[in-house]
Every structure is written in structure tokens, then in C-alpha cells.
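Turn these sequences into a full structure, and let the hints steer you where they fit.
Chains as they are written, first to last, in UniProt numbering: chain S, 1 to 79; chain A, 1 to 79.
Don't read these hints as lab results, they were simulated from the structure.
One or more hints might be untrue.
Identical chains share a label here; the pair holds if one copy fits it or two copies do between them.
Claimed, not checked - Taking lysine to aspartate or glutamate pairs in the EDC-like style, the calculated list, with each CA pair at most 16 Å apart, reads:
no.	residue 1	residue 2
1	K19	E55
2	K40	E57
3	K19	D45
4	K59	E43
Protein chains: 2
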Amino acid sequence: MRAKVHVFLKPGVLDVQGKAVENALHGLGWSGVEGVRVGKTIEFDLKASDAAAAEAEVKQMCEKLLANTVIESYRVELA
Amino acid sequence: MRAKVHVFLKPGVLDVQGKAVENALHGLGWSGVEGVRVGKTIEFDLKASDAAAAEAEVKQMCEKLLANTVIESYRVELA
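Laid out in C-alpha cells, this is it:
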């Protein structure tokens, strides 16, 4: 089973990396770009009996390691 | 128009960040995890007349700034 985890900074948290990208895009002439947010995507293969068990396991991985839940939110996708 | 750009290392390129995450997950007891790849997701709002023009513009941004096309591949999503 292939798992995909999307990790993003929570809406209220200042995204300095996103701001830097936004400024760089403006500098290159794309002035219509706004609200840039940069996140991480972590993909991996997982041995699991069923989708529900896999999702529970991946969520535990997020809470323990993949996301800093104080400032980041995450979304799990299984395929 | 909201654009989402997914940037990943190309398949042959060693993903050291992914390897580090994999080792950390193994260390925490998730030994069934394999083939971890870590990528970036860049989301932003874009002023564009139509979807085709927007996609062409975002692809140009990827080529110029958002992805290092020597070692990274990208995928554009528009919504």
C-alpha cells in the first residue's frame, strides 16, 4: 500500500519559505502570484492488512515524527 | 485560480531526506515502511484568464524557479 502524507503549516503560522518564493516570483515578473504556501509531501510503501489499519498507522507516524502538530497540519492519502 | 505544484526528486536520485525519515520510522518500530521519498508542495493563487494559460505560466515558474529540473520533476495541479 502506497501512503502519501501532505504536511502544511497551519493557516495562522507565518510561512517564511512561502514568502521568499512569493518575493522571488514577483521579482521574476509574476506579480499576480499571491498567498504562497510551501509544504512537504512524504510518500512511502507500507505493509498493512487493510486501508483502515494503514490510515491509523500513518496518522500515528504523523503525530510522532512526520508533522509538528503545534504548527503543522497533515493530510493522509492511501492508494 | 489556485495552483498546486508538486516537486519530487527524479527516481534515480538518492533522496537523503527520505532515507533519514525511513531510518527514523524503523527506529520507532515501523519496520514495514519502505521507499520513502520526500518532496515539496508549493501552493499559490494566480490571476489568469483561463486554465491553459495558467498551466503554461505555472510550468514556466517551475522551469525558472520552483524546481531544479536536473534532479527534480514536477507536477502541476490547478483548481
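Each hint, compared with the structure:
no.: 1; hint: K19 / E55; result: neither (32 Å within a copy, 22 Å between copies)
no.: 2; hint: K40 / E57; result: neither (19 Å within a copy, 23 Å between copies)
no.: 3; hint: K19 / D45; result: between (33 Å within a copy, 13 Å between copies)
no.: 4; hint: K59 / E43; result: within (13 Å within a copy, 23 Å between copies)
Hint violations for this structure: numbers 1 and 2, all remaining hints satisfied.
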